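K.L.:
Spelled out from the first residue to the last, the chains are:
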Amino acid sequence: MKNNNVIEVENLTKKFGDFTAVNSISFEVKKGEIFGFLGANGAGKTTAMKMLIGISKPTSGKAQVAGFDVFTHPEDIKKNIGYMSQKFALYDDLTVKENITFFGGIYGLSRAKIKEKRNELVEELGLEDIVNELVGSLPLGWKQKISFSIALLHSPTIVFLDEPTGGVDPITRRQFWEMIYKSANSGTTIFVTTHYMDEAEYCDRVSIMVDGKIEALDTPKKLKEQYKADNMNEVFLKLARG
Amino acid sequence: MSISVQHISKSFKKVTAVNDVSFEVKEGELFGLNGPDGAGKTTIFRMLTTLLFADKGTATVAGFDVVDDYKEIRNNVGYMPGKFSLYQDLTVEENLDFFATIFGTTIEENYELIKDIYVQIEPFKKRRAGALSGGMKQKLALSCALIHKPKVLFLDEPTTGVDPVSRKEFWEMLKRLQQKGITILVSTPYMDEAELCDRIALIQHGKILQIDTPQEIIKHYPKKIYDVRADNMYRLIESLKSFEHHYSVYPFGEFVHYTDKRDDFNPQELQQYLAANDHQNIKIEITKTTIEDTFMELAK
Chain A
0 MKNNNVIEVE
10 NLTKKFGDFT
20 AVNSISFEVK
30 KGEIFGFLGA
40 NGAGKTTAMK
50 MLIGISKPTS
60 GKAQVAGFDV
70 FTHPEDIKKN
80 IGYMSQKFAL
90 YDDLTVKENI
100 TFFGGIYGLS
110 RAKIKEKRNE
120 LVEELGLEDI
130 VNELVGSLPL
140 GWKQKISFSI
150 ALLHSPTIVF
160 LDEPTGGVDP
170 ITRRQFWEMI
180 YKSANSGTTI
190 FVTTHYMDEA
200 EYCDRVSIMV
210 DGKIEALDTP
220 KKLKEQYKAD
230 NMNEVFLKLA
240 RG
Chain B
0 MSISVQHISK
10 SFKKVTAVND
20 VSFEVKEGEL
30 FGLNGPDGAG
40 KTTIFRMLTT
50 LLFADKGTAT
60 VAGFDVVDDY
70 KEIRNNVGYM
80 PGKFSLYQDL
90 TVEENLDFFA
100 TIFGTTIEEN
110 YELIKDIYVQ
120 IEPFKKRRAG
130 ALSGGMKQKL
140 ALSCALIHKP
150 KVLFLDEPTT
160 GVDPVSRKEF
170 WEMLKRLQQK
180 GITILVSTPY
190 MDEAELCDRI
200 ALIQHGKILQ
210 IDTPQEIIKH
220 YPKKIYDVRA
230 DNMYRLIESL
240 KSFEHHYSVY
250 PFGEFVHYTD
260 KRDDFNPQEL
270 QQYLAANDHQ
280 NIKIEITKTT
290 IEDTFMELAK
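Protein sequences, first through last, are from chains A and B. With numbering that gives the first Met the number 0, the residue at position 110 of the first sequence is 109, and numbering never jumps. With numbering that gives the first Met the number 0, the residue at position 89 of the second sequence is 88, and numbering never jumps.
Treat the hints as calculated values from the structure; they're not laboratory data. Small disclaimer: the values here were computed from a predicted structure and weren't measured. Yeah, the Cβ is synthetic: ideal placement off N, Cα and C, and Gly gets one too. A couple of the hints might just be wrong.
Pulled from the structure, derived: some chain A residues nowhere near chain B, Cβ distances all over 10 Å [stated by the list, open to error]:
no. : residue
1   : Thr12
2   : Lys61
3   : Asp68
4   : Pro73
5   : Lys77
6   : Thr94
7   : Gly125
8   : Leu151
9   : Tyr226
10  : Asn232
Once the Cα atoms are required to be at most 30 Å apart in a straight line, the calculated DSBU-like pairs of lysine-lysine come out as [said to hold, decoys possible]:
no. : chain 1 : residue 1 : chain 2 : residue 2
11  : B       : Lys174    : A       : Lys181
12  : B       : Lys167    : A       : Lys220
13  : A       : Lys30     : B       : Lys282
14  : B       : Lys150    : B       : Lys167
15  : B       : Lys206    : B       : Lys222
16  : A       : Lys142    : B       : Lys299
17  : A       : Lys221    : B       : Lys13
18  : B       : Lys25     : A       : Lys96
19  : B       : Lys25     : B       : Lys206
20  : B       : Lys222    : A       : Lys181
21  : B       : Lys114    : A       : Lys237
22  : B       : Lys206    : B       : Lys125
23  : A       : Lys96     : A       : Lys221
24  : B       : Lys125    : B       : Lys25
25  : B       : Lys13     : A       : Lys220
26  : A       : Lys227    : A       : Lys237
27  : B       : Lys70     : B       : Lys174
28  : B       : Lys167    : A       : Lys223
29  : A       : Lys221    : B       : Lys282
30  : B       : Lys287    : A       : Lys237
31  : B       : Lys125    : B       : Lys179
32  : A       : Lys77     : A       : Lys223
33  : B       : Lys223    : A       : Lys220
34  : B       : Lys174    : A       : Lys223
35  : A       : Lys142    : B       : Lys206
Model the full assembly from the supplied sequences, consistent with the hints where possible.
P.N.:
And the structure:
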């Protein structure tokens with residue numbers, strides 16, 4: 000892949016029968032970038048992301064993620080990325096400690112490494128008092144922070160965040176974004192899908208999908224200038240309503 | 000008063016979900032309960048719609064007591080829960096017909112009220128509710144909550160998980176319903192939606208932080224907020240937090256919202272401090288206060 004790109008997508012397409020869910024999309028994401036992947040419900044975001052994380056085979060086109068081809072090396076992709084979603088995050092009936100150990104094992108870390116990472120994580124997030132609590136008993140904000148840290152356990156090249164911060168209070172939400180900035184600053188690439196436009200404003204660049212195609216791709220600042228809008232919400236409404 | 004809540008509290012085992020909450024909603028008002036997950040919004044809704052008893056306090060809805068007159072309340076309110084609660088294996092039309100029948104009315108009798116909303120899903124009236132998209136489910140749920148012409152409408156997080164286009168359409172629908180004289184209590188975790196309500200109650204950890212019009216709430220914010228930007232966001236936040244005079248530092252999209260402890264703060268000084276810390280393309284500008292800034296200040 001070209002200098003510094005960790006995702007390269009060219010004319011990527013996915014069809015289900017006659018229906019084209021993703022229609023020849025092309026884009027690149029650089030190392031350490033926070034890339035927002037936006038679109039209305041049904042625009043094709045989830046389908047596109049499933050191809051990028053190696054769990055859905057494209058109909059045509061090319062895509063490389065973390066240096067691996069989505070057609071030929073989906074398993075290598077899975078080992079080199081992290082994934083976090085609000086819908087599926089942690090196991091509620093395991094403790095914080097058990098969750099960390101479980102996911103560390105899934106990502107193939109050694110016991111010694113898991114222990115080391117766990118101690119790091121406990122210290123960094125200040126989890127000393129809750130490490131033996133069931134995750135189900137924790138506030139949503141805590142779950143999100145822990146879930147994000149767990150997605151980073153195996154030091155992945157890219158972390159995919161699938162609608163990560165809905166519903167949490169504004170302060171916790173900002174703490175979460177500070178964690179994202181921190182890991183991007185240390186070189187991890189962040190790929191975020193969301194349909195909350197205020198979240199889009201935090202990204203370095205955003206793409207907006209409409210009916211299976213990428214209709215716009217730029218920094219939030221330039222998109223706002225281009226569409227003469229005060230915020231990303233207006234940009235999105237102009238694009239999606241046509 | 001269309002809704003009157005006096006000192007209600009509710010606990011579940013050790014957790015106090017709602018802690019001495021009082022507020023009033025006028026007839027025909029669009030009133031927002033604004034707070035994050037776990038603030039107690041749903042518990043309040045369930046007490047007002049007679050699905051849950053309060054431990055303490057009293058409340059009336061449309062003039063009826065939520066405990067003594069629960070049957071009257073059920074006939075006079077529409078409730079759209081946060082979780083999609085219609086029959087997934089009935090069609091769109093069957094669901095609507097079902098709710099109309101339960102309330103002893105017909106679709107035809109109150110069609111005028113739901114027409115605006117229902118026409119948008121009518122082409123799919125033979126489709127099962129479970130097979131609808133998120134936006135369409137929401138429109139059907141709203142139609143079902145309105146079909147008996149309620150005096151008061153309770154909407155619990157109607158826009159959570161809905162894309163911006165559908166969200167905007169939904170708020171436009173609410174405004175039109177309000178013009179038809181229906182009182183609306185709506186909850187949302189999204190601060191930008193608060194500004195669309197006549198009055199809002201900001202709520203966290205079961206307690207109301209403030210009740211007022213969105214404009215007044217913003218006006219009462221005690222400080223001047225500055226938008227600060229520079230090339231490296233992470234380093235910028237770190238630097239601002241180490242600036243000795245900082246009062247609050249919050250990332251806000253492409254900017255950081257900064258407030259200073261001092262009243263006579265000069266942005267020039269901050270500019271110099273950031274430049275001395277190797278920041279590039281620094282920009283500092285005074286900015287408008289949002290509901291979210293106020294919420295964070297009150298919740299601190």
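K.L.:
All hints are to be evaluated individually against the structure, with a verdict given for each.
P.N.:
We went through each hint and held it up to the structure:
1. Every CB of chain B is more than 10 Å from the CB of threonine 12 (chain A) (nearest about 22 Å), matching its label as outside the interface.
2. Interface exclusion of lysine 61 (chain A) from chain B stands, the closest Cβ pair being 29 Å apart, more than 10 Å.
3. Under the 10 Å C-beta cut-off, the non-interface status given to aspartate 68 (chain A) relative to chain B holds; the minimum distance is some 32 Å.
4. Every Cβ of chain B is farther than 10 Å from the Cβ of proline 73 (chain A); the closest lies at roughly 28 Å, confirming the non-interface assignment.
5. Listed as outside the interface, lysine 77 (chain A) is consistent with that label: its C-beta sits roughly 27 Å from the nearest C-beta of chain B, beyond the 10 Å cut-off.
6. The Cβ of threonine 94 (chain A) lies farther than 10 Å from every Cβ of chain B, with a closest approach of about 18 Å, so its non-interface assignment holds.
7. Against chain B, the non-interface label of glycine 125 (chain A) holds: every CB pair exceeds 10 Å, the least being about 17 Å.
8. For leucine 151 (chain A), the shortest C-beta to C-beta distance to chain B comes to about 15 Å, beyond the 10 Å cut-off, and the non-interface label holds.
9. No beta-carbon of chain B is positioned within 10 Å of the beta-carbon of tyrosine 226 (chain A); the least distance is around 13 Å.
10. Remark: the non-interface label on asparagine 232 (chain A) conflicts with the geometry, its nearest Cβ contact in chain B lying 6 Å away (cut-off 10 Å).
11. For the hint pairing lysine 174 (chain B) with lysine 181 (chain A), the CA-to-CA distance comes to about 42 Å; that exceeds 30 Å, so the pair is violated.
12. A hinted pair counts as satisfied when its Cα atoms are at most 30 Å apart, and lysine 167 (chain B) with lysine 220 (chain A) qualifies at roughly 22 Å.
13. Of the supplied pair hints, the one linking lysine 30 (chain A) and lysine 282 (chain B) holds, its CA atoms being roughly 26 Å apart against a limit of 30 Å.
14. Restraint check: the Cα-Cα separation between lysine 150 (chain B) and lysine 167 (chain B) comes to about 24 Å, which is no more than 30 Å; the hinted pair holds.
15. Only pairs whose Cα atoms come within 30 Å are accepted, and lysine 206 (chain B) paired with lysine 222 (chain B) is accepted, the gap being roughly 24 Å.
16. Taking the CA atoms of lysine 142 (chain A) and lysine 299 (chain B), the gap is about 20 Å. The hint holds against a cut of 30 Å.
17. The hinted pair formed by lysine 221 (chain A) and lysine 13 (chain B) fails the criterion: a straight-line CA distance of about 50 Å is larger than 30 Å.
18. Restraint check for lysine 25 (chain B) and lysine 96 (chain A): the C-alpha separation of about 49 Å exceeds 30 Å, so the hint is violated.
19. With a C-alpha separation of about 21 Å, the suggested pairing of lysine 25 (chain B) with lysine 206 (chain B) holds against the 30 Å cut-off.
20. For the hint linking lysine 222 (chain B) to lysine 181 (chain A), the alpha-carbon distance of about 28 Å falls within 30 Å, and the restraint holds.
21. Of the pairs offered as hints, the one joining lysine 114 (chain B) and lysine 237 (chain A) holds, with about 26 Å between alpha carbons and a cut-off of 30 Å not exceeded.
22. For the given pair, lysine 206 (chain B) sits about 44 Å from lysine 125 (chain B) by alpha-carbon distance, which is inconsistent with the 30 Å threshold.
23. Our distance criterion of 30 Å between C-alpha atoms is broken by lysine 96 (chain A) and lysine 221 (chain A), whose separation comes to about 43 Å.
24. For the hint linking lysine 125 (chain B) to lysine 25 (chain B), the alpha-carbon distance of about 39 Å lies beyond 30 Å, and the restraint is violated.
25. For the hint linking lysine 13 (chain B) to lysine 220 (chain A), the alpha-carbon distance of about 47 Å lies beyond 30 Å, and the restraint is violated.
26. Proposed proximity of lysine 227 (chain A) and lysine 237 (chain A) is supported: the alpha carbons are some 10 Å apart, at most 30 Å.
27. Under the criterion of a C-alpha separation no larger than 30 Å, the hint pairing lysine 70 (chain B) with lysine 174 (chain B) is consistent with the structure, at around 28 Å.
28. The hinted pair formed by lysine 167 (chain B) and lysine 223 (chain A) meets the criterion: a straight-line CA distance of about 19 Å does not exceed 30 Å.
29. This hinted pair checks out: lysine 221 (chain A) and lysine 282 (chain B) have alpha carbons roughly 16 Å apart, not beyond 30 Å.
30. A threshold of 30 Å between alpha carbons decides the hint, and for lysine 287 (chain B) with lysine 237 (chain A) the separation of about 24 Å falls inside it, so the pair holds.
31. Pair hint lysine 125 (chain B) plus lysine 179 (chain B) holds up; C-alpha atoms about 29 Å apart against a cutoff of 30 Å.
32. Under the criterion of a C-alpha separation no larger than 30 Å, the hint pairing lysine 77 (chain A) with lysine 223 (chain A) is inconsistent with the structure, at around 35 Å.
33. Taking the CA atoms of lysine 223 (chain B) and lysine 220 (chain A), the gap is near 23 Å; set against the 30 Å cutoff, the hint holds.
34. Annotation: proposed proximity of lysine 174 (chain B) to lysine 223 (chain A) holds, straight-line Cα distance about 27 Å (limit 30 Å).
35. At roughly 22 Å between alpha-carbon atoms, lysine 142 (chain A) and lysine 206 (chain B) fall within 30 Å of each other, so this suggested pair holds.
In this structure, the earlier hints numbered 10, 11, 17, 18, 22, 23, 24, 25 and 32 are contradicted, and the remaining ones agree with it.
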